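Chemist: Sequences and hints are given; from them, build the entire structure.
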Amino acid sequence: MQYLLSVIHDQASIDDPDEQAAIDVFNDRLRAQGHWVFAGGLSGPENATVIDPRGAEAVVTDGPFLESKEYLAGFWIIEAPDLDVALKLATEGARACNRKVEVRPFVAV
Amino acid sequence: MSGFDVREAITRAHHEEWARVVALLTRRFGDLDIAEEAAAEAFATAVERWSVDGVPPNTAAWLTTTANRKAIDRIRRESKRDEKQREARMVHGAGPREPPGAIDDDRLRLIFTCCHPALAVESRLALTLRMVGGLTVPEIARAFLVTESAMGQRITRAKAKIKAAHIPYRVPATEDLPARVTGVLAVLFLVFNEGYLATSPDTDPVRHDLTAEAIRLARLIRDLLPDDGEVAGLLALMLLIEARRPARVSASGELVPLAEQDRGAWDATLIAEGHRLVRERLAAAAAGVAPGRYQILAAINAVHTSARDIRDTDWSQVLALYDQLVRVDPSPTIALNRAIAVAEVDGPDVALAAVDRLGNALAGYHAYHATRAELLRRTGHGRQARAAYDRAIELAGNTAETAYLTRRRDQLG
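Protein chains in written order, with the working numbering: chain A, 163 to 271; chain B, -13 to 399.
Treat the hints with care, as some may be off.
As the list claims (entries may be wrong) - Quick list of simulated restraints, FRET-style, between CB atoms: (1) Gly206(A) with Val336(B): 56 to 62 Å; (2) Ser135(B) with Lys250(A): 34 to 40 Å; (3) Ser135(B) with Ala174(A): 43 to 49 Å.
Quick caveat, the hints were computed from the structure, so don't treat them as lab data. Model, not experiment: these values are computed from the prediction. Yeah, the Cβ is synthetic: ideal placement off N, Cα and C, and Gly gets one too.
Modeler: Have a look at this one:
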């Protein structure tokens, strides 16, 4: 079972070396214990571009798809047998990066 | 065998075996929908068969076997439609074996699944009542004053989330238990309260099936966590309230308040068990373990059930316990109950002033108006008391309570 752990942030991102080190430790643990699938940090929403090709022409707009105080700062995709394991890992990840994390299962295929 | 005997046998089997059948099927097939529907089908079949063939000697085994067969039938039907989904279900159900715990009880697993913190509180409550308590969706809908379709959707959504997010069917690991148990206790107390003071005008005023279920489940959890003070506290609290049930509703279906209850009708065995638990927690508190809200509420009920007569009640002790409770839980409903003790210790005027301060928070709560009505009566404000009774009657859903409040109002003359 795969889960998406979305890192939710509500401030202008600042690179904190302590947080980065904690995230590295957490990532190593995910790999060592077989939970790791993929992870990535995202550039700020001010660098987002939305494209909507549903009309006659693809419309390109500057900015994120929704304006809100909170935004997606990064994510993990993990492998876990059930939600309890995923929530535990999400808690550790959230502590490491000191942000809120949303846990969502991928649709089973 | 008469139709009445068959009906009674089915009702009893439903109370005693529903959760066991659902829980067993959930473990076997790993799917709440299949478990619930197969259990419901098995009971429906029992209604048909037992009145023709007679009640089988072992009703539990009959129901389990029948439900099992219904579940397999259903999976076969569905497998023709969707082979892949069936496989996914079976794999999830077979899942990794959990290490054998202190107690291997399918029902306990079912409770922890239904009370998982990833579900909204209303969903936990509804699921527990449906899956563990065996209430029908219309019954649960009435209990929560929402429409049947809204309640059906709530339960369906919760079950869908359990499936999609792989909420596991297991008793949590030892280190996670204390945190998870708090949520379970809250749900059990809500179930108990719904049984003790049924909120619907269409049901019995006291639903013994629900109170008994909540107590039974609390006992199970106590076996699993004998050192958890709040588990002991909640069990003691429910036992001491349940003990008064036989004296609480009159033959004419009217609520009998504590002061007027026939204390000889109280259940001495339940009281003894409750008092034993409270003493155990008092010893722990003396050793420096701070009691939580259920333990304090149990202690309050221990004081009430220790008095041979309402006049023997140690109200200053009750008030001291409420003062302690307010520090743990400063909610307006606790403050309201505290005011009842204040009336006995400091007089109804002081209590009325305290109750009036809660008006904003509790304006829609029948007990606020009922308490106020009693205090207004005692302070000689007949006209205002009548208005408060009117409002309390309007808001109360419980038939015994409505009958009592109506009589009290009409006594005002």
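Chemist: Can the suggested window of 56 to 62 Å be confirmed for the beta-carbon pair Gly206(A) and Val336(B)?
Modeler: The hinted range 56 to 62 Å holds for Gly206(A) and Val336(B), with Cβ atoms some 59 Å apart.
Chemist: Just tell me: holds or violated, for the beta carbon distance of Ser135(B) and Ala174(A) against 43 to 49 Å?
Modeler: Between Ser135(B) and Ala174(A), where Cβ atoms are some 45 Å apart, the hint holds.
Chemist: Against the range 34 to 40 Å, how does the distance between the Cβ atoms of Ser135(B) and Lys250(A) compare: consistent or not?
Modeler: holds (36 Å)
Every hint, counting from the list given before, is met by this structure.
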